[in-house]
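Guided by the hints, dock chain B onto chain A, whose structure is given.
Take a look at the letters that make up each chain.
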Amino acid sequence: EPEVTQTPSHQVTQMGQEVILRCVPISNHLYFYWYRQILGQKVEFLVSFYNNEISEKSEIFDDQFSVERPDGSNFTLKIRSTKLEDSAMYFCASSYRPWGLNTEAFFGQGTRLTVV
Amino acid sequence: AQTVTQSQPEMSVQEAETVTLSCTYDTSESDYYLFWYKQPPSRQMILVIRQEAYKQQNATENRFSVNFQKAAKSFSLKISDSQLGDAAMYFCAYCHSGGSNYKLTFGKGTLLTVNP
Numbered sequence: 447e448p449e450v451t452q453t454p455s456h457q458v459t460q461m462g463q464e465v466i467l468r469c470v471p472i473s474n475h476l477y478f479y480w481y482r483q484i485l486g487q488k489v490e491f492l493v494s495f496y497n498n499e500i501s502e503k504s505e506i507f508d509d510q511f512s513v514e515r516p517d518g519s520n521f522t523l524k525i526r527s528t529k530l531e532d533s534a535m536y537f538c539a540s541s542y543r544p545w546g547l548n549t550e551a552f553f554g555q556g557t558r559l560t561v562v
Numbered sequence: 011a012q013t014v015t016q017s018q019p020e021m022s023v024q025e026a027e028t029v030t031l032s033c034t035y036d037t038s039e040s041d042y043y044l045f046w047y048k049q050p051p052s053r054q055m056i057l058v059i060r061q062e063a064y065k066q067q068n069a070t071e072n073r074f075s076v077n078f079q080k081a082a083k084s085f086s087l088k089i090s091d092s093q094l095g096d097a098a099m100y101f102c103a104y105c106h107s108g109g110s111n112y113k114l115t116f117g118k119g120t121l122l123t124v125n126p
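Here the protein sequences come in this chain order: A and B. Position in the first sequence counted from 1, then plus 446, gives you our numbering. Position in the second sequence counted from 1, then plus 10, gives you our numbering.
For reference, chain A alone in the conformation it holds in the complex (with noise of 0.2 Å):
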């Protein structure tokens, strides 16, 4: 069964550094997404991606976070200049559709990123 892989599983940086959290979407599909949790909170949205531009985006989605499909297959998410409360599990998910038109997405197993 096809699925969303994403590497590292966990990392952990320094505060200030530059870190980039990679997916490898289903090979078909054409929506990409970032989620993120805080532990103990709920699941949020970040940032939604289509035709290689962002087609939504979250207020939590500022200046210091980008996107970016280098290469047909990866996906990848990029935090400039990480700060503690960047600590949390950030999930990647493809879909063929919009979620809107009751499309199945489908989840990565998510990075666990640790700001230290």
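Among the hints, erroneous ones may be present.
What the hints assert, rightly or not - Here are the simulated lysine to any residue pairs, SDA-like style, with alpha carbons at most 20 Å apart: (1) A:K488 <-> B:K118; (2) B:K118 <-> A:D532; (3) A:K488 <-> B:M21; (4) B:K65 <-> B:K80; (5) B:K65 <-> A:T549; (6) B:K118 <-> A:G486; (7) B:K83 <-> A:K524; (8) A:K488 <-> B:V58; (9) A:K488 <-> B:Y35; (10) A:K503 <-> B:H106; (11) B:K65 <-> A:L547; (12) B:K118 <-> A:Q487; (13) A:K488 <-> B:A97; (14) A:K503 <-> B:Q12; (15) B:K65 <-> B:G109; (16) B:K118 <-> A:L547; (17) B:K118 <-> A:K524; (18) A:K503 <-> B:A11; (19) B:K83 <-> B:E27; (20) A:K503 <-> B:G108; (21) A:K524 <-> A:Y542; (22) A:K503 <-> A:I484; (23) A:K503 <-> B:Q18; (24) B:K118 <-> A:R558; (25) B:K118 <-> A:I484; (26) A:K488 <-> B:Q12; (27) A:K488 <-> B:K80; (28) A:K488 <-> B:Q66.
Said to hold, decoys possible - Looking from chain A toward chain B, a few residues come up when the C-beta cut is under 8 Å (computed): (29) K488; (30) V489; (31) S494; (32) F507; (33) Q510; (34) Y542; (35) G546; (36) L547; (37) E550; (38) G554.
No lab work stands behind these hints, which were simulated from the structure alone. Each residue gets a CB set at the ideal place from its N, CA and C atoms; glycine is no exception.
Same frame as chain A, but now just chain B:
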């Protein structure tokens, strides 16, 4: 803004028994979708069941069924014949309908323990 509330942070059930997880939501939209996602210890979020708001009939998937009360904005998940593998965090999620909608709004989750 849409909100999703799961009022039970934790629930437990005996193996083979039935358990119901609660979810309420707030929206001014009339057309939307509701989802239950399962997040086992492996962390990957898996779609359990989904419901289209325009359908009066409650969705069912094997041992999983929902009680969708549109007027009350309630969307509970019933798990029948609970199995040890059902132990997980369960998230209720909302998405309003439309081809330009790209995000899910999640509740805080309910941690389900299944006792042998």
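Going through the hints against the structure:
no., hint, in the structure
1, A:K488 <-> B:K118, "holds (4 Å)"
2, B:K118 <-> A:D532, "holds (18 Å)"
3, A:K488 <-> B:M21, "holds (17 Å)"
4, B:K65 <-> B:K80, "holds (10 Å)"
5, B:K65 <-> A:T549, "holds (16 Å)"
6, B:K118 <-> A:G486, "holds (8 Å)"
7, B:K83 <-> A:K524, "violated (37 Å)"
8, A:K488 <-> B:V58, "holds (18 Å)"
9, A:K488 <-> B:Y35, "holds (14 Å)"
10, A:K503 <-> B:H106, "holds (16 Å)"
11, B:K65 <-> A:L547, "holds (15 Å)"
12, B:K118 <-> A:Q487, "holds (6 Å)"
13, A:K488 <-> B:A97, "holds (18 Å)"
14, A:K503 <-> B:Q12, "holds (15 Å)"
15, B:K65 <-> B:G109, "holds (19 Å)"
16, B:K118 <-> A:L547, "violated (24 Å)"
17, B:K118 <-> A:K524, "violated (25 Å)"
18, A:K503 <-> B:A11, "holds (15 Å)"
19, B:K83 <-> B:E27, "violated (26 Å)"
20, A:K503 <-> B:G108, "holds (16 Å)"
21, A:K524 <-> A:Y542, "violated (23 Å)"
22, A:K503 <-> A:I484, "holds (18 Å)"
23, A:K503 <-> B:Q18, "violated (29 Å)"
24, B:K118 <-> A:R558, "holds (18 Å)"
25, B:K118 <-> A:I484, "holds (11 Å)"
26, A:K488 <-> B:Q12, "holds (14 Å)"
27, A:K488 <-> B:K80, "violated (23 Å)"
28, A:K488 <-> B:Q66, "violated (28 Å)"
29, K488, "holds (4 Å)"
30, V489, "holds (4 Å)"
31, S494, "holds (4 Å)"
32, F507, "violated (11 Å)"
33, Q510, "violated (20 Å)"
34, Y542, "violated (13 Å)"
35, G546, "holds (3 Å)"
36, L547, "holds (6 Å)"
37, E550, "holds (6 Å)"
38, G554, "holds (7 Å)"
Checked against the numbered hints given earlier, this structure breaks hints 7, 16, 17, 19, 21, 23, 27, 28, 32, 33, 34; the rest are met.
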